[in-house]
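Those protein sequence lines, which keep their order, are chains A and B. The first sequence maps to residues 1 to 294 in our numbering. The second sequence maps to residues 1001 to 1294 in our numbering.
Treat the hints as calculated values from the structure; they're not laboratory data. Fair warning: there could be bad hints in the mix.
[Claimed, not checked] Mimicking DMTMM-like on lysine to aspartate or glutamate, the simulated pairs with C-alpha atoms at most 25 angstroms apart in a straight line are: (1) B:K1178 <-> A:E251; (2) A:K178 <-> B:D1077; (3) A:K178 <-> B:D1023; (4) A:K178 <-> A:E251; (5) A:K91 <-> A:E101.
Here is what each chain is made of, one letter per residue.
2 protein chains.
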Amino acid sequence: MAWSFALVIDPAASDDPRTDFADTFTVIDPTAPALSVGELSTQRGDGIFESIGVVDGHPQEVDAHLERLVHSAELCDLPVPHLAQWRQAVKTVADAADPGESVIKLILSRGVEHGPTPTAWVTLARAADNTRSRTEGIRVVQLDRGYGVNASADAPWLLLGAKTLSYAVNMAAIREAKRRGADDAVFVSSDGYVLEGPTSSIVLRFGEVFVTPEPSGGILHGTTQLSLFAYLEAEGYATQYRRVLPAELAEADAAWLVSSIRLAAPITSVDGVDLAVDRDLTASINAYLLSPRD
Amino acid sequence: MAWSFALVIDPAASDDPRTDFADTFTVIDPTAPALSVGELSTQRGDGIFESIGVVDGHPQEVDAHLERLVHSAELCDLPVPHLAQWRQAVKTVADAADPGESVIKLILSRGVEHGPTPTAWVTLARAADNTRSRTEGIRVVQLDRGYGVNASADAPWLLLGAKTLSYAVNMAAIREAKRRGADDAVFVSSDGYVLEGPTSSIVLRFGEVFVTPEPSGGILHGTTQLSLFAYLEAEGYATQYRRVLPAELAEADAAWLVSSIRLAAPITSVDGVDLAVDRDLTASINAYLLSPRD
């Protein structure tokens, strides 16, 4: 990934409305050493993040991402991010973006072990070319997530609703999918319900109804899925949150993995069984997702 | 934590027996910026680690830790660590230790995103004073781990037998324990078996028999537990690996959480119910664990 810009932000910003948040930002070289080995993000995956798509300099759905960052911080007992400060940081970074598609990452780490405060930084990188995934589609395999669909209801320390830096399992699932000749994975709960992809939400179409698995503690509520449902409703379709069974994937009229950077990737096969792709609708969805969204 | 020494190692070391591994080490300032924001250890918790106790300059159980590092690397599809290289790195770092107790951490990260190779480093820090935990003991609460005891048998991508950098849940469990007025947690599987602590193994005593939960994909095999069992057997006790039920903790004659740095911490209460502490035996165990062990 070609990082082009990064800034460290001091998360201990003042609530004083006269504060110029720019004073809490330090621009750094994204390819140079910036973090010490004592960082708990690196030692323990102990922190939270968001990935925001940037199209021609416009950061997409910033409020939804910042709301989720706040939610993740609450679940992880991290200081609640200061929204105005982070919004300004996103704008500052987005202003450095080249035309085309980029990725902004927000990271809030618990900081250096036994250090005084969390650490936080925001990076900008050129996005990978996702044209092929968006047009030709992706093959997926269904993989057990190990947890029951309601695992975190009485066990918030499992952090299932938080977007934490502890993504080793998500990365391992994608490697397993590739080992099986697929491109990506769809997690299934140990009690047999479809959850989400390792870095995406899943959306299925049955006739005129679009379905995504009911958000629960076990599913990260996807910002792109939310935005897509609003679009589909405006287009006259019905949308539904409900339990989804693994066998339904093969029965769907179409299905997509949706996420902030790759956007809508139509699923062409599930565990080796072909699935129909609605190319026109997929193109419309991605055109919408590439348009400026707030 | 007071880091006193660190070196980055080039994990792409040659197998040529004439290689001087010292050439693959770069000493760094452990408190200075050393890692770039693109590090996958920090972005994704994507890497593995080991913590080795050092007593008066002697690193404990190095081979057992390196074997587990290799096992973790295999589970995580990371290049298998070169044992002679890592052993020399541990020795180099241990030689820089002050008298008393220190901690060496070995970290093997997947490296910078889209970068050419993994990154690896070894740090040295003064250990916290664990006297109170070892003598006065610790209060624990039992917390659901969300997974069934055999969750990873058919799902190796859950990485349950690997010591990964994705420890956010382990850290959250310890915070939850403190919120409940305890010092540490004991994880219980979703199907009702005692597993381990977030950063330790559990050992229970029933008469002359010492028991630890049967290692499975869901339990990290503890180097300190292994060493302790060898000691107990030499002392004439019986040792046993078997399934342990949560109710057995309150019935045990004594119980400990054991780990490489805190060593044997006797459990004084489980979910608020007092447990007997065998102070003499605990002192003997910790004296053994503090003696040079290879």
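Honestly, which of those hints from before does the structure not fit? 1, 3
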